[in-house]
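2 protein chains.
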Amino acid sequence: MQLIDDPEVMANWAKKRRRGGETVALVPTMGALHAGHLTLIKLARMHADEVVVSLFVNPIQFGEAKDFTHYPRKLEQDLMQCEALGVDVLFAPSADRVYMKDTSVWVDEELLSRGLCGESRPGHFRGVCTIVLKLLNLVQPDLAVFGEKDLQQLRIIERMVRDLNIPVEILRGKTVRESDGLAMSSRNQRLSEGARLDAVVIYESIQGAKKQVEQGERSVEVLIQAVRDRLVCLPRIVIDYVVVVDDVTLKPIERIHSTALLAIAVKLESIRLIDNDVLRRS
Amino acid sequence: MQLIDDPEVMANWAKKRRRGGETVALVPTMGALHAGHLTLIKLARMHADEVVVSLFVNPIQFGEAKDFTHYPRKLEQDLMQCEALGVDVLFAPSADRVYMKDTSVWVDEELLSRGLCGESRPGHFRGVCTIVLKLLNLVQPDLAVFGEKDLQQLRIIERMVRDLNIPVEILRGKTVRESDGLAMSSRNQRLSEGARLDAVVIYESIQGAKKQVEQGERSVEVLIQAVRDRLVCLPRIVIDYVVVVDDVTLKPIERIHSTALLAIAVKLESIRLIDNDVLRRS
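One line per chain: the protein sequences are A and B, in this order.
Each residue of the first sequence is one higher than the last, beginning at 1 in my numbering.
Each residue of the second sequence is one higher than the last, beginning at 1 in my numbering.
Rather than coming from a laboratory, the hints here were simulated on the basis of the structure.
Note that the structure is a prediction, hence the values are computed from the model and not measured.
Just so you know, not all the hints are guaranteed correct.
Where chains are identical, the list cannot tell them apart; a pair therefore holds if satisfied intra-copy or between any two copies.
Unchecked claim - With a Cα cut of at most 27 Å, we get these calculated DSS-like pairs of lysine-lysine: (1) K66 / K42; (2) K15 / K42; (3) K267 / K101; (4) K211 / K16; (5) K66 / K149; (6) K16 / K174; (7) K267 / K251; (8) K251 / K210; (9) K101 / K211; (10) K210 / K16; (11) K16 / K267; (12) K251 / K42; (13) K267 / K42; (14) K101 / K42; (15) K251 / K101.
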């Protein structure tokens, strides 16, 4: 496995690969790899000749400096995991090589990014879109893999690919969960033991809503209230949002017609956790 | 020469070319080609195996609906000129194939686009950046050619290429002028006979400023006043701006240290004309 930290070297690698005709898959990450990432990497491995994993904690997508500073960084361990999965290139540039001091060009998504995390984290998706486009341009992959846990991010990136005519196919990786159901996240390791136990209620409340829909509940108001009732039982949890949205537009809906998305964001000891799943009429 | 009107066909053409290893140059235009465009096409022809000329009157970069509606369109004539210059592909998509109705992703430049035309035409450079990035993604060229007449556009596109790590080299094409000095523009053909005669004062006033600088004038205030004095003599001309800016940041400066840019925008019978040149200490 090749470790590249210079964007120029990465771009030259990509140029050679383009000429060579091999297919390339990119898995963009912020490192501190967990089983969720490894699933994305395996998916990439299945679909391309060459797999590039990027590892970059993108400062501009963090609203709070504290969240950025405390975001886990484990380069040694990430390196070994990538090596073991047969990754060809680990691209880990430093922030000052990625953003010039007078950077002035940004990518903005203005519909799908309005609600959910976009509302709670102003500027977050500008940061995400801009860095993902930069990585796509540097690596020039045929495929790029993103996880369904970051639902809104995934949909916004798919929209960006469509609207900017980016020549890449986006693969969706299923959410991977801990044995108790908590969605894998690099932030989970920052939770105290008590908070970690509480965190499972996010998953449980989603499962509860899924069951209610299967049993005939159609009112979004009723579904959301049931989720909130479960979450507020745990005093460590502060709800950011609980929403049911249209699968395509990500706009809130009032009744479940066929399928919809339930999405949740909470803070647990000031650590932000998100999760989502499809609500489907049986 | 191949005429392509479908973005998907264009993208497939680009994909094949990438695999084949030929170099591709793109010349983005809004059609109504004049000698200025032809110079850009010849420059492209000299530097690449395959030349693609795009022809798209981009609705989102026009502030005024009237300017968009009246922008000259001469597909037949453009086609013949491209053919004669050995262009390989003329890419002329329709607007509804380029922009989906629920388009929501845009590219914004936030420093270089603040003054000059960006100030007079809000949203203009968002339109320019977005369409240029889309064209670069569809055509995947090694080189793209832009004219120096649209100075601010050129600099903003160069900045976009840098900040978004777009794998393309930008070539600058010199401004081509009519025999009396008026910078070539598709809009020139909309001028009445009288206005066409007046228009030469734009060039003449720039030449005057260049001479003043050569003769030792360093005060930008003095230079601008001299240009304005010439322009206001002609009652058909309405000045939008006369500015002297730093060559890199495009910010207004007060004194000429080594080189600077003089840029002018006026309306003549409501037709917007721009021009610029370098002021250089001898």
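Checked hints:
In this assembly of identical chains, the alpha carbons of K66 and K42 never lie at most 27 Å apart, being 32 Å within a copy and 54 Å across copies at closest. Both within a single protomer and between protomers do K15 and K42 lie at most 27 Å apart by alpha-carbon distance, with minima of 24 Å and 26 Å respectively. Neither within a single protomer nor between protomers do K267 and K101 lie at most 27 Å apart by alpha-carbon distance, with minima of 32 Å and 36 Å respectively. Taking the closest pair of Cα atoms, K211 and K16 never come within 27 Å of each other, the shortest separation being 51 Å inside a single copy and 49 Å across copies.
Taking CA atoms no more than 27 Å apart as the test, K66 paired with K149 passes inside one copy only; the shortest distance there is 22 Å, against 47 Å between copies. In the homo-oligomer, the alpha carbons of K16 and K174 never lie at most 27 Å apart, since the shortest distance is 32 Å inside one protomer and 32 Å across protomers. Proximity of K267 to K251 under the C-alpha cut-off of 27 Å is restricted to the intra-copy arrangement: shortest distance 22 Å within a copy versus 44 Å between copies. For the identical chains of this complex, K251 and K210 are intra-copy neighbours only, at 19 Å inside a copy versus 57 Å across copies, given an alpha-carbon limit of 27 Å.
In this assembly of identical chains, K101 and K211 lie within 27 Å of each other by CA distance neither inside one copy nor across copies; the values are 51 Å within and 36 Å between. Taking identical chains as interchangeable, the C-alpha atoms of K210 and K16 are never at most 27 Å apart, the minima being 48 Å within one chain and 46 Å between chains. Taking the shortest alpha-carbon separations for K16 and K267, neither the intra-copy value of 45 Å nor the inter-copy value of 49 Å comes in at or below 27 Å. In this assembly of identical chains, K251 and K42 lie within 27 Å of each other by CA distance neither inside one copy nor across copies; the values are 32 Å within and 49 Å between.
With identical chains, the CA atoms of K267 and K42 are never at most 27 Å apart, being 30 Å at best within one copy and 60 Å at best between copies. Neither within a single protomer nor between protomers do K101 and K42 lie at most 27 Å apart by alpha-carbon distance, with minima of 36 Å and 36 Å respectively. Taking the closest pair of Cα atoms, K251 and K101 come within 27 Å of each other only across two copies (17 Å); inside a single copy the shortest separation is 36 Å, beyond that limit.
In summary, the structure is inconsistent with hints 1, 3, 4, 6, 9, 10, 11, 12, 13 and 14 from the numbered list given earlier, while agreeing with the others.
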